[in-house]
Amino acid sequence: MLFRKLRPDARLPHRSHENDTGADLYFCPEDGLPVTLAPGETRVLGTGLELAFAPDHYDIQIRPRSGLAAKHGLTVLNTPGTVDPGYRGEIKVILSNFSNEPFTVEPGTRIAQLVVNFVYRPPFSFTEEENETTRGEGGFGSTGL
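Numbering of the sequence shown is given in the working numbering, commencing with residue 367 and proceeding in unit increments.
Quick caveat, the hints were computed from the structure, so don't treat them as lab data. Treat each hint with caution, since some may be false.
[Said to hold, decoys possible] Quick list of simulated restraints, FRET-style, between CB atoms:
#, residue 1, residue 2, range
1, S508, R409, 34 to 42 Å
2, L399, D422, 52 to 60 Å
3, S432, G406, 16 to 24 Å
4, T509, F464, 24 to 32 Å
5, T499, P468, 16 to 24 Å
6, G474, S432, 17 to 25 Å
7, T500, D375, 19 to 27 Å
8, N444, T470, 19 to 27 Å
9, G452, E498, 18 to 26 Å
10, T402, T500, 27 to 35 Å
A virtual CB, placed ideally from N, CA and C, is assigned to each residue, including glycine.
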C-alpha cells in the first residue's frame, strides 16, 4: 500500500511486531496541537495520511487500540471504520471518550489500528425461493444470554 503525506510530521502505519495484523495509526493534527477529549466527547482526528494506492481487493479497516480502550475508555466509534480503496481524502479516526476523565491526545499518539483484509465481492441478486434453516428467523438474543 502506498500513502501520501499530507503534513510533514505524518507517520506511516506501524506494526509493533512482525506478525501483527494491526498497524498503529498516529494522530497528526493540522495545527500541530494536542486535543483534549472530555468525558463522553467524540472527535474526528486526522492522521495526516491519504491512500495513494491500494489494490481493489483490499478491505481497509480502522479499529480501536486495546490499550486505549482498557486503560482510558477510548474507542473508535464506528468500529470497524472502513477506508475504501478508492478513497483519496485524509484517513481520519472517530475517537470517543467513554471514561469519566478527560484524555489529552498529543500529536504522535497512536490512536487506532489499520487492518487490511482480502475481500471477495460476490454479486447480489434476488430469489423467490425460501431456504429453511434450523435457526430460522431467530436473532437478537434468540439463543439466550
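Right, here's what the structure says about each hint:
1. In this structure the hint that S508 and R409 lie 34 to 42 Å apart at CB holds, the actual value being about 37 Å.
2. Checked against the hint of 52 to 60 Å, the pair L399 and D422 fails, with Cβ atoms roughly 37 Å apart.
3. Taking the beta carbon of each, S432 and G406 are about 21 Å apart, inside 16 to 24 Å as hinted.
4. For T509 and F464, the hinted distance range of 24 to 32 Å is satisfied, since their beta carbons lie about 28 Å from each other.
5. Restraint check, T499 to P468: a C-beta distance of roughly 48 Å breaks the suggested window 16 to 24 Å.
6. Range check, G474 to S432: about 19 Å between beta-carbon atoms, so the 17 to 25 Å window is met.
7. The supplied range of 19 to 27 Å is broken by T500 and D375, whose beta-carbon atoms lie about 55 Å from each other.
8. Range check, N444 to T470: about 22 Å between beta-carbon atoms, so the 19 to 27 Å window is met.
9. Our hint of 18 to 26 Å for G452 and E498 is violated, since their Cβ atoms are close to 39 Å apart.
10. Remark: the range hint 27 to 35 Å for T402 to T500 is contradicted by a beta-carbon distance near 51 Å.
The structure fails to meet hints 2, 5, 7, 9 and 10 from the earlier list, while all remaining hints are met.
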